[in-house]
Amino acid sequence: MRDALARVSGYTPSSAEPSVWLPDDPRRLEINFIGRDPALRETADSYVFDDSKLPLLVFGLLNFLREGAVIDAGGVRVPLPRPAGLLIEKLLTERSGLKGERDLLVALGLLMTCGESDLAEFEELFRKLPADSRTMLLANLAVLSLMQPLPDMPDPHRGRKLVEAVIARLRP
Amino acid sequence: MSSLHERLREMKARAAIRKWEARQAELAGGVWLRLQLLLAQTRRALLITPEEANALRRAGFEPNPVGMQLEPAKSLFVIAEEIVPPEIVGSEIALREILRAPAAILIPFSAPA
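Protein chains in written order, with the numbering used here: chain A, 1 to 172; chain B, 1001 to 1113.
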């Protein structure tokens, strides 16, 4: 990992958030590094990985992510996560304020693109969660259903029927 | 580095609170969750008068228990649009305004089971 990082040029770590690397060129995207530890399962397990080159947060919920389709981005093969696990992560991670709202709207965008097999996988993962996590996830779906729109994000008003159908599918 | 530790501390605190809330789901403290879920399955809501609420009761409709668990209690009738009695007119009310309504009809996306 350190070898790979040493080959990255044109980026410097943000002083406010050292796990975020900012580009010298505004046409490039920022890089947000996050850690994954296969031993973790939930938010309470998360920890800070202290490292002089790249300190980062290791999130327990990232273990729901499974490798999915690979896209080609300018010659770089980028593996995307499967939608079901990403949905679980987005709907259970407790972020605050605008970031939390945007996370829920990202979940809505994912739901809008999910096929039946993705939803079935999502339901299967949901049924394996502890009871309090299932309740938290349903609560966040309910909040998503009642949210006001944000600019440049999926419209929660348009997605209400879809969210209601997902809640009905998941509820006991 | 301290910003990461601070973020982690805040995230864990929020998660602990949400976990506590989740454990209240079936208890009095869970009424907000139950109300949110009820509203999530609601396509639109109609504000009705106390007289209209009484007329619905006489016609055999029962308010949803969630509304009765609030203080002050609210008569929230979940009724499919096609069976709302024609004499009940009501007026459209935004879901976010529902706590202002002493009585309302909640029209679900799909017919209640």
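Just so you know, these hints were derived from the structure itself, not from any lab.
Bear in mind that the values here come from a model prediction, so they are computed numbers and not experimental data.
Treat the hints with care, since some could be wrong.
Just some of the chain A residues that point at chain B, by a computed CB distance under 7 angstroms [as the list claims (entries may be wrong)]:
(1) Leu54
(2) Asp132
(3) Met136
(4) Ser145
(5) Pro149
(6) Lys161
Think of the CB as a built atom: it goes at the ideal place given N, C-alpha and C, for glycine as much as any other residue.
Check: Hints broken by the structure, by number, lowest first?
Finding: Checked against the structure, the hints that fail are numbers 1, 5, while the rest are satisfied.
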